[in-house]
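Visitor: In case you want the letters, here they are:
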Amino acid sequence: MDFLTALMTIGLNHFLVLGLVIFGIGIMGVFLRRNALITLMSIELMLNAGNLTLLSFARAQHDMRGQALAFLVIAVAAAEAAIGLAIVVGLFRNRKSTDLDELNLLRF
Amino acid sequence: MTFDVADLQNSAPLLLLTVAGLVLMLLDAFSRSKLVGAPYQKKMPAETSEAYPLPVAGSRGYLMPVTVLLLLGILAVVAWLPGQIHGDHGVFMYRDMLVLDRFGLLVSGICIVGAILGVMTAPAFLRAHGLEMGEYYALVMFSLAGMVILVMAADLVTVFLGVEIMSLGVYVLAGMWRKSQRSAEAAMKYFLVGAFVSGLLLYGIALVYGSVGTTLLSEIRSRAPVFASRPLFYIGWMLIFVSFLFKVAAVPFHMWAPDTYDGAPTPVSGFMMTGVKAAAFAGLYRLFAVTLGDSQNALQAYTGWVHAAYGIAILTMTLGNLAALHQESIKRMLAYSSIAHAGYLLIGLIAMAVVGDSARGPLLFYLAAYTVTVVGAMGVVGWLSRDLRGGERLTLDDWAGMGQRHPAGALAMTIFLLSLGGFPPTAGFFGKFYLFRVALEKPSLLPLVLIGIANSLISVYYYLRVITAMYFRAPAPSSEPASEPLSSTALSVGVLIAALLVLGLGLMPEWLANLCAAAN
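From first to last, the protein sequence lines stand for chains A and B.
Count the first sequence with the numbering used here and you get residues 5 to 112, in order.
Count the second sequence with the numbering used here and you get residues 42 to 561, in order.
Don't read these hints as lab results, they were simulated from the structure.
Do not rely on the hints blindly, as some may be mistaken.
Pulled a few chain A residues facing chain B out of the computed Cβ check, cut under 7 angstroms [stated by the list, open to error]:
1) L51
2) H66
3) M68
4) I78
5) A79
6) V80
7) A82
8) A83
9) G94
10) D103
Just so you know, these numbers come straight off a predicted model, no measurement behind them.
Where is the CB? At the ideal position from N, CA and C, for every residue including glycine.
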């Protein structure tokens, strides 16, 4: 019963584990999915996992630095998404596909 | 919260670069938009044997001199700022987010000199391939601003921001050749790897922040011995280390580099190989050699990054050189050679941790010599490889007989290749000489230096292969029209300055070596 109450009380570790799980999903997505757009979404997941971890640590330590960094990361992630989508559009115009396995012009 | 006005003066290079980028964007927006000439037509004249005329300098021809002047002004500010540093420790700015010290200023100066030479060689290439856009200059400026943030970073927050601002500009530059499938592919690969790496970097920073409770590098350094045994701290630093190894293209995190350097427009490749690499090495220096390094620090034994770097340096030098051996494309050969050079630079980083501060000078000298040489070499590649029908002619067969067809370009290329291979009297020779000499001060680095020397010997083969092709091989008999070198004063002057710098540093290395050694 004690174990269950400990499990039910949401604390720092819950947030950290959630962050780790989201980070893992992001990494798996980058390595397993072959569509450029889904890879982009997986990268966003990784950044958000980093943000969640930062924020939970900042809250646990009552420190504002982590919160400030999370704000900056959100801005950077938005810029990165814009540029990433532009590159995907450029690629699609060139070859009518966003499949990453077809990126094979540049080889040994 | 206080704001110190002196911060504005001390961070002047960064602020000026940002403002200059904005000014260039505005100038571009208010230029007449008409761009004339065959490369701007919708369709390339695919199967004609006639050369299309090179368009005259369009309404954006003046942006290049303006950019060069702005960069020269900022370089003057960078050269003036060391006088404002009193004492040995550098000046902290913006609530300890950035630090102004001689090391940061010297690396900023290296990046800016590389960018000046790159910008001088770029417009002729861009115009010939229908890419003359004002955004190029603005993006170079913004990217440089990111590099300056990274090399001045004194906090994990600014490290992250610097890496990102630097990379965002370069992603766009790599894909700016929109009609080229190769450029689009290069940009996509670079972007995916870069964005993935920023995810790793952020997660690593979050873990380090969680375990130590601060993002300030100086505080992390003082608290590190206590926290070194925490797994979160260890994993966080490992993630940060891996993400920087991706940025400098060290084996086994290099697979994006040859494709990206090969596919991006040639002047942009030169910028990526030099500025991005120099700034990333400065970041590695600040994070690892300074924050974690120091042989007295008990931490180093635990984190073991030196041992990891040892193995990675060997892998990077050896695999980079072996892969470069059989490349037929000169641009791709230079891409692999830039991977190999990241390995030599890692020797300098390891020497920083093992030998101590005396290794800083050689590391900086190597960065400077490498930057000038590679920017020059990529300038010549863009210069001589223009295909009359659009695109580039980069294979050794295309370059056969270049010594007769274009003596000046071939001579400059020879100087740069000899410098990359480490022949005296060039800058590259003294870069390697200083680096290996300082590494030899500790016997534990002897195997690393021996492997480095063996690798330099291997690399001589593929550098000399280009030189023999240029001077001692007749051009292949073919019905196809030969490549037609670009003719541009700015390009020739840029390459000439780079060549003079390479020879000058080879004949009189002391002044820069002294400057580097004093850059604490």
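Visitor: Now look at each hint and say whether the structure bears it out.
Guide: Hint check results:
| no. | hint | verdict |
| --- | --- | --- |
| 1 | L51 | holds (5 angstroms) |
| 2 | H66 | violated (10 angstroms) |
| 3 | M68 | violated (11 angstroms) |
| 4 | I78 | violated (11 angstroms) |
| 5 | A79 | violated (9 angstroms) |
| 6 | V80 | holds (5 angstroms) |
| 7 | A82 | violated (11 angstroms) |
| 8 | A83 | holds (6 angstroms) |
| 9 | G94 | holds (5 angstroms) |
| 10 | D103 | violated (11 angstroms) |
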